[in-house]
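Chemist: Residue-level listing of the chains:
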Amino acid sequence: MTTRISDRAGVLAWLFLLPSVLYIVALVASPFVLAIAFALSDVSAGDPSYDYVGGRNFERVFDDPVFWRSLGNTFVFTGISMVLIVVLGKVLANILVADFRGKWLVRFLVLLPWTTPVALSSISWLWLLDSIYSPIDWVLRFFGFLGPGENLYWLGQPGLAMTSVIAVHVWRLTPLAAVIMMAGLVAIPRDIEEAATVDGAGYWRRMFEIKIPLVLPVAAVAALFGAVFTFTDMAVVRVLTRGGPNDATQVLASWAFYRGIEGGDVGQGAAVALFLFPLLLAAAIAILRVVRRIEVW
Amino acid sequence: MAVVEVRGLVKHYHGGRVHAIDGVDLSAGDGEYLVLLGPSGCGKTTLLRTVAGLEEPTSGDVLIGGRVVTRLPPRARQVAMVFQSYALYPHKTVFANIVFPLRAQGVPPEERHRKVRWAAELLGIGPLLGRKPRQLSGGERQRVALARALVREPQVFLLDEPLSNLDAKLRASARDELKRFQGEIGTTTIYVTHDQVEAMGLGDRIAVLAAGKVRQVGPPVEVYDDPADTFVATFIGSPPMNLVPREGRLVGFRPEHLLPVEDVRSPDRVSVPLAVDRVEYLSGDRHVYGVVSRIGAQTRVVARLPSTVDTAIAAGETHDFAVDARRLRFFDRDTGLRAEPVRLGS
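Line by line, the protein sequences give chains V and P.
Residues in the first sequence are numbered from 1 upward in steps of one, following this note's numbering.
Residues in the second sequence are numbered from 1 upward in steps of one, following this note's numbering.
Next up, chain V with everything else stripped away, as it sits in the complex (with noise of 0.2 Å):
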């Protein structure tokens, strides 16, 4: 009598394990242990030798107004856009789950914005947000909301430079929370809309008191993830602005970016890269939290 591989649970389990845990050690355990390691060294572009400076690379971040407003930027940015999101997310999510003509071209425009790669989307909102060529100023001034010649400036000041980096990331990101949502809404077992509708509940109770409660958890779980990678994101910062206006629109990542590789400062770009982890780790806990407590079923 032989024992075959594929009788032996335990070690099936470790083999089917194995490619996975070979990946999460390889992509995120050691560059976290590297990023913390270097946070706590002088290690620079130009000085590539590892001293240990203990919490130095953090009080010296901690000085710098960059860092603050950056922080400021980043809760901003973030708090403004999961908003947004989720509020348009399940408008999209409610129109892609109707059942109307041609829906499958409404589905398809939907969905487009998330399948568009960000290098090839980035160009033409940098178009549109152009501070000459502006199509958006073109349509304001033919309506007479600018005069002759006037211009904007969208990504030249910092009010409008902001509005633009949100309503481009809102733009990439709403099809995805549509998508989890959508899932959401189709989850709802079709007797209970039904059960509203003959209670005599219109669309908007059926709205409000109905459905919204019930993809709770779900939408919960999309704002966690949207807001874990907006927290996390930089690329529509650094495609758009740069950090620019004078800062206007840094995020702790971009920060991080242009501080430890740009500017090959590499222990404080990790100090700065590592004080998002905390945070990102008890936003975490929180929504978990929550979603099990709304938990409906």
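None of the hints are false.
Incomplete in silico selection of chain P near chain V, CB under 10 Å:
{"#": "1", "residue": "Gly53"}
{"#": "2", "residue": "Gln78"}
{"#": "3", "residue": "Val79"}
{"#": "4", "residue": "Ala80"}
{"#": "5", "residue": "Phe83"}
{"#": "6", "residue": "His91"}
{"#": "7", "residue": "Pro101"}
{"#": "8", "residue": "Arg103"}
{"#": "9", "residue": "Ala104"}
To be clear, the hints were calculated from the coordinates, so they are not data collected in a lab.
Don't be surprised by glycine CBs; every beta carbon is placed ideally from N, CA and C.
Based on the hints, put chain P in the right spot on chain V.
Modeler: What follows is chain P alone, placed relative to chain V:
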């Protein structure tokens, strides 16, 4: 309370390829308990949903209280529906579930509270008002669903297999309660089920449906004793009616009417030899399976002997059985419809 009527109702799906309801005329009188009975897929639930306004018919009309409501949304119809799954709102307390229809109607708060308490009292769920549906048993959920339907005092109750999620024991008592409850409220009720025991026990009248058509409507006794066709004859009754082919007809008789010849007192009886092949004891009754001859073509039938009949019968022997001639029903062999009786002689 109101008369509910459907006229020439047709419902097609998938561009007319599926005929869920195929021309149904039916009415439930004021305060009547009408049961729609049929196998799954016969269109009974679609019919109920059309009355509720959840489906729009392809053609035909729905009338409630004499008013055509075919194109009206559910909330304009003053109907209450209890779903098979109960469809309680899982995130709301029992109180919030029951009060929901009243809030949707814009009933003032004090009156809402009074009505919820009245409905909860009637169904004995007063102590549960603060709980969530997931903390309730199946029977309690069903009561909450009923309370939610009852609280707005609708013109019509629509019940879609409300007992099918309960275990067998609970089902019997819940059936009893449903009947008593409807008697007290006196609201017109349409009840959908595939369970003939429920239908026989609850209905003032039963409408038997098959393939989107009404096969027979009548009081339970009539549907049972005088089935309009072979579908009704074999769908109702457990075991179903025996059908023996004979000269272009089918001779039908209920298993409980096929008894050992010495137990049939009627002088006008038709005796038949039964070659017994199996005897079953089921909750007091004896089910005797065997092949009959003489009455028509040789056919396997079943006889149901009550415990008061103690004639010894064993598998393998041929025993003389008989049917009271008044109990025989005749059907056309081709159409399955009722046919003129023929003399079979004894």
